Amino acid sequence: HLWQPAILALIGVGILIIAYTGTANLAIPLFGVVMMLGGLFAAPMIYMMTTLAPVSARATSTAIALFGVNIVGLGLGPWVIGRISDLYAPAYGVESLRMAMLTALVLAIPVALCFFLGSRHYREDLAAARIRLTAEGGSH
1 HLWQPAILAL IGVGILIIAY TGTANLAIPL FGVVMMLGGL FAAPMIYMMT TLAPVSARAT
61 STAIALFGVN IVGLGLGPWV IGRISDLYAP AYGVESLRMA MLTALVLAIP VALCFFLGSR
121 HYREDLAAAR IRLTAEGGSH
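Residue numbers (the numbering used here): 1 to 140.
Misleading hints may appear alongside valid ones.
[Unchecked claim] Pairwise CB distance ranges (calculated):
(1) Ala-135 x Val-33: 40 to 48 Å
(2) Asn-25 x Ser-56: 46 to 54 Å
(3) Ile-15 x Pro-78: 17 to 25 Å
(4) Leu-87 x Tyr-47: 32 to 40 Å
(5) Leu-26 x Leu-74: 51 to 59 Å
(6) Asn-25 x Phe-67: 18 to 26 Å
(7) Ala-24 x Trp-3: 32 to 40 Å
(8) Arg-83 x Tyr-47: 29 to 37 Å
(9) Arg-132 x Tyr-92: 24 to 32 Å
Simulated from the structure, these hints should not be mistaken for lab results. Note that this is a predicted model, so its numbers are computed, not measured. Heads up, the beta-carbon is just placed ideally off N, CA and C, and yes, glycines get one too.
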C-alpha cells in the first residue's frame, strides 16, 4: 500500500515541474491532475493509519495525522514559500514565486523515501495489528 503514495509523489513532482515551467494554459489542467493525485495519495495513508492503530485509537490517529498535514501544508507551507520567494526576489524578480514553488518540490523526495521505507515493514506490522485485533475480540 505504501509504495503507491511514494510513486504518486514522484509523479506529482514531475507534473508540477512541467506546470511551473510551462505556460498558464498548460499549468491549469496539470494542477487539476496533481489535485486528483493528491486524493489518491491520501487514501492509502488513511487506510494505513486505520489498520495499524488499535480500534480505540483509529479516529484519533487519523485526526492527528490530517491535522498535521493541514497545519504544515495549508498553514506553514504558504508562509515558507512566501519567505523563500522574498529571498529569491533579488535574483529572479517577478519569477521568484515560481522558483520558490519549484524549490519546495525537493521535499517530495524524502516523503517518497519515507513511504518506500515504510512499505518494507508494512506487511509485518499489518499482520501484528490483525493478531492484536483478534486477541482483543474484534474483527477486521
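Here is how each hint holds up against the structure:
no., hint, verdict
1, Ala-135 x Val-33: 40 to 48 Å, "holds (44 Å)"
2, Asn-25 x Ser-56: 46 to 54 Å, "holds (51 Å)"
3, Ile-15 x Pro-78: 17 to 25 Å, "holds (20 Å)"
4, Leu-87 x Tyr-47: 32 to 40 Å, "holds (38 Å)"
5, Leu-26 x Leu-74: 51 to 59 Å, "violated (25 Å)"
6, Asn-25 x Phe-67: 18 to 26 Å, "violated (36 Å)"
7, Ala-24 x Trp-3: 32 to 40 Å, "holds (33 Å)"
8, Arg-83 x Tyr-47: 29 to 37 Å, "holds (34 Å)"
9, Arg-132 x Tyr-92: 24 to 32 Å, "violated (53 Å)"
Consistency with the previously given hints fails for numbers 5, 6 and 9, ordered from lowest to highest.
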